[in-house]
Amino acid sequence: MASIRIDGLSKVYPGDVTAIDGLELTVADGSFFALLGPSGCGKTTLLRTIAGLEEATDGAIHIGDRDVTRLTPGDRNVAMVFQDYALFPHMSVTDNIAYPLRIKKVGRTERVAKAAETGEGLGLSALMDRRPGELSGGQQQRVALARAMACQPDVFLLDEPLSNLDARLRLEARTFLKRLQRDLDVTTVFVTHDQSEALAMADQIAVMEAGRIRQLGTPSEIFRRPANTFVANFIGSTPMNMLPGELVGGKLRVGDREPVDAVAAGWVGADSGDGAVTVAFRPEYARVDEAGSLTFEGEVETSENLGASVLITARTHDDHRVQAVVPEGAEPEPGAAVRVTPVPGRVLVYDEDGELLVP
Amino acid sequence: MTVTSVDAAGLGRRRAMGLVTPALLLVTAFLVVPAVWTVYLGMTDYRLTGIQAANPQFVGLDNYRAALADPDFRNSLWLTLLFVLGSAVVGQTVAGFALAWTLRGVPRLVRGVVETLVLLAWILPSSIVAFLWVAYLSGDGGTLNALLHTTGTDWLLEHPMASIIVFNTWRGTAFSMLLFSAALGAVPPSQLESARLAGAGTFAQLRDVVLPHIRGHVLTNTLLISLWTFNDFSPYLLTAGGPNHASETLPVFIYNKALYGGQLGYGSAISFIMLVINLVIALFYVRLLRERR
Numbered sequence: 001m002a003s004i005r006i007d008g009l010s011k012v013y014p015g016d017v018t019a020i021d022g023l024e025l026t027v028a029d030g031s032f033f034a035l036l037g038p039s040g041c042g043k044t045t046l047l048r049t050i051a052g053l054e055e056a057t058d059g060a061i062h063i064g065d066r067d068v069t070r071l072t073p074g075d076r077n078v079a080m081v082f083q084d085y086a087l088f089p090h091m092s093v094t095d096n097i098a099y100p101l102r103i104k105k106v107g108r109t110e111r112v113a114k115a116a117e118t119g120e121g122l123g124l125s126a127l128m129d130r131r132p133g134e135l136s137g138g139q140q141q142r143v144a145l146a147r148a149m150a151c152q153p154d155v156f157l158l159d160e161p162l163s164n165l166d167a168r169l170r171l172e173a174r175t176f177l178k179r180l181q182r183d184l185d186v187t188t189v190f191v192t193h194d195q196s197e198a199l200a201m202a203d204q205i206a207v208m209e210a211g212r213i214r215q216l217g218t219p220s221e222i223f224r225r226p227a228n229t230f231v232a233n234f235i236g237s238t239p240m241n242m243l244p245g246e247l248v249g250g251k252l253r254v255g256d257r258e259p260v261d262a263v264a265a266g267w268v269g270a271d272s273g274d275g276a277v278t279v280a281f282r283p284e285y286a287r288v289d290e291a292g293s294l295t296f297e298g299e300v301e302t303s304e305n306l307g308a309s310v311l312i313t314a315r316t317h318d319d320h321r322v323q324a325v326v327p328e329g330a331e332p333e334p335g336a337a338v339r340v341t342p343v344p345g346r347v348l349v350y351d352e353d354g355e356l357l358v359p
Numbered sequence: 001m002t003v004t005s006v007d008a009a010g011l012g013r014r015r016a017m018g019l020v021t022p023a024l025l026l027v028t029a030f031l032v033v034p035a036v037w038t039v040y041l042g043m044t045d046y047r048l049t050g051i052q053a054a055n056p057q058f059v060g061l062d063n064y065r066a067a068l069a070d071p072d073f074r075n076s077l078w079l080t081l082l083f084v085l086g087s088a089v090v091g092q093t094v095a096g097f098a099l100a101w102t103l104r105g106v107p108r109l110v111r112g113v114v115e116t117l118v119l120l121a122w123i124l125p126s127s128i129v130a131f132l133w134v135a136y137l138s139g140d141g142g143t144l145n146a147l148l149h150t151t152g153t154d155w156l157l158e159h160p161m162a163s164i165i166v167f168n169t170w171r172g173t174a175f176s177m178l179l180f181s182a183a184l185g186a187v188p189p190s191q192l193e194s195a196r197l198a199g200a201g202t203f204a205q206l207r208d209v210v211l212p213h214i215r216g217h218v219l220t221n222t223l224l225i226s227l228w229t230f231n232d233f234s235p236y237l238l239t240a241g242g243p244n245h246a247s248e249t250l251p252v253f254i255y256n257k258a259l260y261g262g263q264l265g266y267g268s269a270i271s272f273i274m275l276v277i278n279l280v281i282a283l284f285y286v287r288l289l290r291e292r293r
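Chains as they are written, first to last, in UniProt numbering: chain D, 1 to 359; chain Y, 1 to 293.
None of these hints come from the bench; they were simulated from the model.
Some clues are possibly wrong.
For lysine to any residue, the following SDA-like pairs were computed, each having C-alpha atoms within a straight-line distance of at most 25 Å [claimed, not checked]:
no.	chain 1	residue 1	chain 2	residue 2
1	D	114	D	62
2	D	105	Y	24
3	D	105	Y	206
4	D	105	Y	213
5	D	104	Y	204
6	D	251	D	237
7	D	104	Y	211
8	D	105	Y	203
9	D	105	Y	185
10	D	104	Y	192
11	D	104	Y	40
Sequences are here, hints too, so could you generate the full structure?
Dropping the structure here:
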């Protein structure tokens, strides 16, 4: 068990492709940490560099007190579960789980005992003599986890742990992984491109873009207060409402509406400078036909059923689209005139560079 | 509805036969008849010249008895075994695999150059590469002697078997390299990386991950190159089987006996023995391949 400290880490591939760009990150001991971002953002490269499968171009990686930057993967005492699980098809479940022990020259009897014990903890006891080809996706994943656990590593690394499972199993595996991580209390880093997975499982999330971390925080911080418009766009199962506005004399004006005061999160009034801003709020934090200082009047274009709720899209008179999530059964018909009002304190204001304004 | 799966194209037996017949005729004319003819000739005392050329006599299994008693034949069989083991089973397989494994991670340009050079050795005509090797190994100003400062050593005379084994390894490695390159491309990288993370070195990775994945390829490769090497005639171009039968593999032995010695009947008998050995090797590998499945 150990924390991970990454200092000024860069990874440049031949041809001057920068995958990781001077990255600083500390993963606390025992935490469940998500690296989240769109494809090509460098999250998998970062995970593989921690594992030692990629060599860092610059910077340092510490696991606990050890500088592992130049160590081989086998000497880092980390275990990784690959997206395709990477089980050895010609070996039984027992041999797969015991493989790291075999490499460490642990005796046959002890190996089998350890594999049986680890397998039992993951509900694999009845499958120990099977080959990976005879197992379901979920079972294969548990074998891969057992193989990672068998040699008691300091750090677990999971590459897209849920992406090879079908939708139903994915939800079960999510709960299972979260409980397992809590029980084992081993520092775990996982990579995902799915923001809902990251929000559901992680204690801490790093949202990445182009080899850099754009925001680091707990799931609720990242969901409630995205630090910039990139994170605001990326997080959330319904896209964030984003409207152009401006600050005038410390008040917020959107389009030709009356300038308003103190609607934004943590907003207390006057800002140091006036200028163009982006006003953002989540559809989940918008109410329909409620009074408020900042409201958007418009006509319902579409309504999408989300199950227990309905996502409506309204078009305002100045040709912006505003979305709101309303409870099922209460949704206005398409064509109806509605007023969309963001919940006070849940409006976010971003400056021209896309950074959150916190006056 | 009737079941028509045996005749999916709906040709009918007669037209189907009509389409297959030309191919069957060609196979019969150029493969079956000569083979059967060889078996027949092997049981006669047919010669290139003399009375037996005009009027060969049927001698039954005499040629086969003579072969088994012939020390030159037994020597030749042993040399062929050495040649196949040394240059194909060990030489080409090891060199081909080593090249394929090493070339995985190198830059595209280096890989292209090395692959082209290895392929050139394979695709150049035998007569040309044989001439190059004669010049290379020559005792009189040969390149190898210049490199090793061993002026005057005639490699083909002093080490004929070693020479043709090295020559054939060099010549045929390209096939194994290509086959193993393709096979290694099919080994999932994540499995190799899993092994590396567990602390496995190169040897353990090869043993635990690579070999189980490419076992079928290794067998196929060994089968093909053993058969090719067993039947290969190009050593003749370097040593002509000499000096004094020291590098006379079976194809060379047959050529020397049948065409130089004029004993066509005896040569045919030994050709048939070679055919049987080929079949035995092939059946052995096919059995191994089937057991895997």
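Which earlier hints can't be squared with this structure? Hints 1, 2, 6, 9 and 11 contradicted; others consistent.
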